[in-house]
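Peer 1: We have chain A already, so just place chain B on it with the hints.
Protein chains: 2
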Amino acid sequence: MSVSLPAPKHSDLLAISGIKLGIASAGIKTVDRTDLVLIQLAESTTTSVVYTQNVFCAAPVMLAKQHQNEASPRYLLINSGNANAGTGEAGLQAAQDCCSAVAELTNDTKNAVLPFSTGVIGQQLPVDKIKKALPDAFQDLKADNWFDAAHAIMTTDTVAKAISKQVEIDGNTITVTGMAKGSGMIRPDMATMLSYIATDAAVEQLVLDTILHNAVEQSFNRITVDGDTSTNDACVLMATGQAANNTIDDIDSAEAQNLYQVIVQISQQLAQAIVRDGEGATKFIEIQVEQGVDTQECRQVAYTIAHSPLVKTAFFASDPNWGRILAAIGRSKIRDFDLSKVTIYLGDVCIVNGGQPASDYTEQKGQQVMDEDEITIKVELGRGNAKDTVWTCDFSYDYVKINAEYRT
Amino acid sequence: MSVSLPAPKHSDLLAISGIKLGIASAGIKTVDRTDLVLIQLAESTTTSVVYTQNVFCAAPVMLAKQHQNEASPRYLLINSGNANAGTGEAGLQAAQDCCSAVAELTNDTKNAVLPFSTGVIGQQLPVDKIKKALPDAFQDLKADNWFDAAHAIMTTDTVAKAISKQVEIDGNTITVTGMAKGSGMIRPDMATMLSYIATDAAVEQLVLDTILHNAVEQSFNRITVDGDTSTNDACVLMATGQAANNTIDDIDSAEAQNLYQVIVQISQQLAQAIVRDGEGATKFIEIQVEQGVDTQECRQVAYTIAHSPLVKTAFFASDPNWGRILAAIGRSKIRDFDLSKVTIYLGDVCIVNGGQPASDYTEQKGQQVMDEDEITIKVELGRGNAKDTVWTCDFSYDYVKINAEYRT
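Same order as they appear, the protein sequences are chains A and B.
Position 69 of the first sequence, counting from 1, maps to 68 under numbering that gives the first Met the number 0, and the rest follow consecutively.
Position 136 of the second sequence, counting from 1, maps to 135 under numbering that gives the first Met the number 0, and the rest follow consecutively.
This is chain A alone, in the form it adopts within the complex (with noise of 0.2 Å):
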């Protein structure tokens, strides 16, 4: 189940130069699927990294940030089936060998290797299928394999989520594409569940991570399914610079916000697709919080609606109960506020305006607008300027069947 959320189709994925991904099957949960992605970068790559900000991080993570610390990446090795989270000083080893594996097939040191991983967390990864199943990856490395890394990478995922655009940069064309998995365990803070977007631009490193963390700002962590922050996320960016523009090397300049907007609308459109996709969803709830003092509260009260499983089950059943998204403003724990001065649309249907109920409100206008698959809460809380906004789903049976049952 997903909400208006199209599969890619292979030809829409375009091939980024310098990129080469290779895909195959491990049997790591399960057989007869592809469940490992080897993505190699040219030499010439720039690659920016930020990964979950959850304490229990996973081996790989931890590995992940100490390779990128030693040496330029050279290859990513990702898995689906076992979040090797959990898992130790075992798992951290597991980690490593898996990179060692990569480094020996192909002549690199290991800590041009950076390791990712997702699914179940708390099981040891099994090193040798991953080990044996490598040359594979390793034989099938090609440039226009976007579409089946997209897939290998799923977990609960129902459809694939990749896209590609272009930008003109100094007269040239430049191309990007993103690849991203996550269905549920999706709140992410300062990174996401896993994603991949890849560009032939030549970009320098601080520009690149400036553009990164800014995006991932605007996209992956303005998005929740659960509340749960996952122990396996991560963002990567690589920027190959095989197309001919000149190294983009300034913020500022009008080369990076052409390359950061269309990195932004990947990355939304991306985050966006994982809460389409999000486990057991039959709605997509966008909401926006505006007229805040700051940023920061506009975002505690649009996450306590996103979060409330109150006014997630009442979206589910398409039923106007607006009362549950004036109780979890109401809980929002923001400063002197002052409900008087709170207006609130469901779509464009007014139902509180100055804290009082709308006089112009009929449940069958509630009622038409919770019967879309898409909706929109807006909140005004008329007490600044600043605003923000964040994406979520329902909360549905297929919810708790899904994760009743995720490891039988």
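A few of these clues could be false.
Claimed, not checked - The list that follows gives simulated cross-link-like pairs (lysine-lysine, BS3-like), each with its CA atoms no further than 30 Å apart: (1) B:Lys-141 - B:Lys-131; (2) A:Lys-386 - A:Lys-400; (3) A:Lys-64 - A:Lys-28; (4) A:Lys-364 - B:Lys-28; (5) B:Lys-8 - B:Lys-164; (6) A:Lys-400 - B:Lys-332; (7) A:Lys-400 - B:Lys-377; (8) A:Lys-377 - B:Lys-332; (9) B:Lys-377 - A:Lys-332; (10) A:Lys-400 - B:Lys-364; (11) B:Lys-130 - B:Lys-141; (12) B:Lys-8 - B:Lys-64.
Hints were generated in silico from the structure; no laboratory data involved.
Peer 2: Here is chain B on its own, set in the frame of chain A:
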């Protein structure tokens, strides 16, 4: 559905001298059930109340606070079926009209009446129905009516919640009887859904306030079903002074402490009954967090676990998917968190020891604990001596069903 929660028997509930309760059927949400309770307090009664901290508090909460400041409460009027929340000025007028109707009937002043409502949010209170049923409730006033009152205040509760205890003070037998309602929108914040506890002891106002505040902190403020703080929460403690004890006027006296212990026990049992009867609950879960720097951080970790939809659905499935507990702890945002000091138990089975997977853990041991109806999670943070406990329940299909169909 509820977890190990026997229904109270009529004969278990002891009358409190100085308190009479009258029940009626006003047909507020449905016919064929009782939904109105009038409680009459003897003039000698001292009354203490704590209310919800939700900024969007309901009209009856606003009015009860005001009346409490103006006069000594003589009547409590409680209705189920409609929360009179999110109803603006009209809702406030409705609550006032109900109090006036009680005043007229009883020849008392309207500010001696405290109104309480629980049920659907955002619909106007049917004042006429309530006024019409009030004489029935007034006629029905009697001391031996706690059993029927506990049933009349129920909404999505499946089991009535009421209990009596006795304690010797000054050589006199003091009786305490309490009742509560609540099942969803439960994460009380300085109060609970609705709870009424009465004693015949003579207690001075400030001592009563302290007893109530402390008892609530150890009971209703330590439970959560879904993290949603209600707009209507209130907990009332009444001391009628009809027993022969000397008025308790020192919180540190043996008498005050004896009474306090009984009230804490009753509060905890009622609070736990709310969790056991949590919407769709199939498991009762106690989360103990120990060895913290202060109780605040222990509570923060406990609530993060208790609110995790992934933890709650794993409990529903009796799945020892402990990685989800670990992920919740990891995102609980406590400062300078060193996971190498963390130890976690599921029941008496150690699952994580010093941040590493426990070497003697087996899936079979974890499964045995998860198969129980009542489960304890213990987290040792290894950084101090503070501890705190929170009670919660699992997340089931029925939680979604109940809240998707609530208004239909």
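Peer 1: Between Lys-377 (chain B) and Lys-332 (chain A), does the CA-CA distance stay at or below 30 Å?
Peer 2: This hinted pair holds, its Cα atoms lying about 28 Å apart.
Peer 1: Is it true that the CA of Lys-400 (chain A) sits at most 30 Å from the CA of Lys-377 (chain B)?
Peer 2: holds, 27 Å
Peer 1: Checking one constraint from the list: CA of Lys-130 (chain B) to CA of Lys-141 (chain B), max 30 Å. Satisfied?
Peer 2: holds, 20 Å
Peer 1: Does the alpha-carbon distance linking Lys-377 (chain A) and Lys-332 (chain B) stay inside the 30 Å limit?
Peer 2: Measuring from Cα to Cα gives roughly 28 Å; hence the hint holds.
Peer 1: For a C-alpha distance cap of 30 Å, please report whether Lys-64 (chain A) and Lys-28 (chain A) respect it.
Peer 2: Measuring from Cα to Cα gives roughly 26 Å; hence the hint holds.
Peer 1: Would you check the hint for Lys-386 (chain A) and Lys-400 (chain A), treating anything up to 30 Å between C-alpha atoms as holding?
Peer 2: violated, 35 Å
Peer 1: For Lys-8 (chain B) and Lys-164 (chain B), compute the direct alpha-carbon distance and say whether it is at most 30 Å.
Peer 2: holds, 14 Å
Peer 1: For the pair we were handed, Lys-400 (chain A) and Lys-332 (chain B), check the Cα-Cα distance against 30 Å.
Peer 2: holds, 29 Å
Peer 1: Do the alpha carbons of Lys-364 (chain A) and Lys-28 (chain B) lie within 30 Å of each other, as the hint requires?
Peer 2: holds, 22 Å
Peer 1: Against the 30 Å threshold, does the CA-CA distance of Lys-8 (chain B) and Lys-64 (chain B) hold or violate the hint?
Peer 2: violated, 33 Å
Peer 1: Holds or violated: are the alpha carbons of Lys-141 (chain B) and Lys-131 (chain B) at most 30 Å from each other?
Peer 2: holds, 20 Å
Peer 1: Are the Cα atoms of Lys-400 (chain A) and Lys-364 (chain B) separated by 30 Å or less?
Peer 2: Within the cut-off at roughly 24 Å; holds.
Consistency with the previously given hints fails for numbers 2, 12, ordered from lowest to highest.
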